[in-house]
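These protein sequence lines are chains V and Y, in that order. Take any residue in the first sequence, note its place counting from 1, add 1, and you have its number in our numbering. Take any residue in the second sequence, note its place counting from 1, add 1, and you have its number in our numbering.
Check each hint, because a few of them may be wrong.
Claimed, not checked - Think about it this way: if two alpha-carbon atoms lie no more than 25 Å apart in a straight line, the pair counts; the simulated SDA-like pairs of lysine to any residue are: (1) V:K300 / Y:N256; (2) V:K77 / V:T97; (3) V:K213 / Y:L298; (4) Y:K213 / V:T97; (5) V:K190 / Y:K213.
In case anyone wonders, no lab produced these hints; they're calculated from the structure. A quick note: this is a predicted structure, and the numbers were derived from the prediction, not measured.
2 protein chains.
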Amino acid sequence: MSVLIVGSTALDSIKTPKAENPRLLGGSASHAAVAASFFAPVKLVGIVGDDFPKRYVQLYKERGIDLEGLQLAKGKTFHWSGEYEVNMNNRRTLETELGVFETFSPKLPVAYRDADYVLLANIAPSLQHHVLDQMQEPKFVVADTMDLWLNIALPDLIKLIRRVHGFVLNDSEARQLTQEDNLLNALKKIHKLGPEYVIIKKGEHGAILSTKKNGMFVSPAYPLQRVVDPTGAGDSFVGAMMGYLSKTRGPVDTNIRKAMVYGSVVASYCCEGFGLKITSRITRQAIEERFRRLQLLTKF
Amino acid sequence: MSVLIVGSTALDSIKTPKAENPRLLGGSASHAAVAASFFAPVKLVGIVGDDFPKRYVQLYKERGIDLEGLQLAKGKTFHWSGEYEVNMNNRRTLETELGVFETFSPKLPVAYRDADYVLLANIAPSLQHHVLDQMQEPKFVVADTMDLWLNIALPDLIKLIRRVHGFVLNDSEARQLTQEDNLLNALKKIHKLGPEYVIIKKGEHGAILSTKKNGMFVSPAYPLQRVVDPTGAGDSFVGAMMGYLSKTRGPVDTNIRKAMVYGSVVASYCCEGFGLKITSRITRQAIEERFRRLQLLTKF
C-alpha cells in the first residue's frame with residue numbers, strides 16, 4: 002500500500018566545519034520520500050521551480066516515487082542554507098528563500114486522495130491542513146513539524162495536531178510546545194491535544210513513542226562513528242517509519258516499534274553523507290543489516 | 002559471592018530549585034554499596050569522622066553491608082555541598098571539605114583481600130591503586146571516576162585504567178579524556194589504555210558498553226516523570242551492576258547487559274529522592290518490576 006507524503010522539496014546549501022555543499026537535494030518531503038521508498042510505493046506532493054536540476058527529478062524516479070503530485074512552477078525552488086557547529090548538534094539558518102513555496106497550494110491528483118497512509122512532513126501547518134482537507138478517509142495520518150511553526154503558526158499547528166493520529170516533534174520542540182521540561186509530562190500534554198501516538202525525536206539519543214492505549218517504546222539510535230551532515234535525519238526517520246507501516250498494513254500498535262527502528266536505521270545512513278547522497282544509494286539489504294545490528298546492540 | 006566496594010563515604014548537602022537538604026548520607030561508596038546490597042553481600046571500604054550520624058551506620062547495617070573496612074577517625078566526615086539548576090542536568094559544587102579523607106589510607110581487613118569482584122567507586126586514583134595493591138587476585142575489577150581526577154590526577158588515573166577489567170565514566174569525561182567528540186571513537190581510545198570493558202554513562206539517555214571481544218550494548222535509562230536529586234545515580238548504576246555480576250558469577254559477557262539494566266533501574270530510584278532516601282527503602286521486587294518494564298519499553 003502506498004504512502005502519500007507532502008512537505009518541502011528544496012535545495013539545501015550546507016556548511017559544516019569540514020565542507021561546504023551548495024544546492025543539494027533537500028527538503029522534508031525529499032528526505033522522507035526517499036526513506037519511505039525502501040519499503041513502499043510513495044506518492045509525493047510538493048513544488049519545485051524551473052531551476053530545479055533534472056538530476057534530482059531523476060533521483061526521485063530511480064526510487065520509484067510517484068511525481069504526479071509534484072508541481073513544477075515558474076520561479077525559484079525553495080532554498081535553505083545553514084551551517085553546523087563543530088559537534089554537529091547545533092545548526093543555524095543562514096538564509097531561507099521561499100521561492101515558489103510562497104504561493105504554493107497543494108492540489109492532490111485524484112489518484113492520491115484515497116491513500117491510507119499519509120505523512121504530513123515538516124511544512125507550514127496551513128499546507129498540512131490543506132492536504133488533509135482533500136483526503137478521503139486515511140487510516141493513519143502522521144504530522145511532523147519544526148520550531149518555526151511553533152513560533153509563527155501555533156494556532157494552526159494546534160488545530161492540526163487534533164486532526165492526526167500521530168504527531169512527531171523533537172525534544173526541544175516538545176518542551177517549547179508544552180512548557181514542560183520533563184518529556185513524560187510533555188508527552189501527556191501532547192496527548193491531550195488529540196493524537197493517539199506521540200513521538201519525540203532525540204537525535205543521537207533515539208526517540209520515544211507514547212501511545213494512549215499501549216504504553217511507551219524507547220527506540221534506540223544507531224551509533225555512528227562519523228556524522229557528516231544530520232540535515233534530514235528526522236525526516237528520514239519518519240519517512241522510513243511511515244513506509245514500513247504502509248507496507249505492513251496490519252494494526253499500527255503491532256508494527257510501529259519496528260517501524261521506528263527502521264526509521265532510526267535510515268536516519269543513520271542519512272547522517273553519513275551530505276543531503277541524500279548516502280540515503281539514495283543504500284539498499285534494502287544494508288537497511289536490514291543495521292536493523293539486525295540494532296537488535297543485537299539492544300538485547301538484554 | 003560478595004563485592005568489595007571502596008569509595009567516598011560522605012555527607013552531602015544538596016540544594017535544588019525546590020528544596021535544600023543538609024548532611025544527607027552520600028558519597029560514591031555509600032550509593033554504590035546500598036545499590037549493590039540488593040543483589041549480593043557487600044564489603045565496604047571507606048572512612049568517616051566522629052560527626053558521622055549513627056543512623057547512617059544503622060542504614061548500612063540494615064542493608065547487610067559489612068563495615069569491617071569502614072574506618073572511624075577523629076575529625077570531620079568528608080562533606081560535599083552542591084546545587085542543581087532548574088532542569089537538574091547541571092550542578093555546581095558549592096563547597097568540598099575533605100575532613101578525614103585528607104589523610105585516608107585504606108587498609109583492607111584480611112577477610113576482604115580475596116574478594117573476586119571489586120568496585121573502585123569514584124575517589125582519588127591513588128586510593129583506588131592502594132586498594133588494588135592489597136587484593137589477592139580479583140576476577141573482575143571495575144573503576145569509576147570523575148572529571149576532578151582527569152584535571153588533577155591524570156597520570157595516576159591512566160595507570161589505574163591499565164590495571165582494571167572495566168572502566169566507567171560519563172560522556173563528557175570520555176570526551177575530555179580522549180579529546181574525541183564522537184563517543185565511538187572515544188571508546189576505541191579508552192580500550193587502547195587497557196580495559197576489556199568500557200562503559201560510558203549518559204545520564205537520562207542511558208549508557209553504552211563497549212567490549213574488546215563481544216561488541217557493544219546500548220543500555221536504556223528508565224524514563225522518569227520526576228527527578229528530585231540525581232546525586233549518586235551514576236554510583237548506584239555501577240554499584241547495582243557489580244552487585245548483580247558478583248551474584249551471578251558466570252562469564253561477565255553473559256551477564257553484563259542485564260547487570261547494566263539493573264544498574265539503570267536502581268539509578269532511577271536514586272533520582273527520585275534526596276540522597277539515599279528512596280534507594281534505601283526499595284525492595285528487590287520493586288527493582289524487578291522496573292526491570293520488566295524496561296524490557297517491555299525497549300522490545301521491538
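To see whether the hints hold, each was checked on the structure:
{"no.": "1", "hint": "V:K300 / Y:N256", "verdict": "12 Å, holds"}
{"no.": "2", "hint": "V:K77 / V:T97", "verdict": "12 Å, holds"}
{"no.": "3", "hint": "V:K213 / Y:L298", "verdict": "14 Å, holds"}
{"no.": "4", "hint": "Y:K213 / V:T97", "verdict": "47 Å, violated"}
{"no.": "5", "hint": "V:K190 / Y:K213", "verdict": "44 Å, violated"}
The structure is inconsistent with the numbered hints 4, 5, although it conforms to all the rest.
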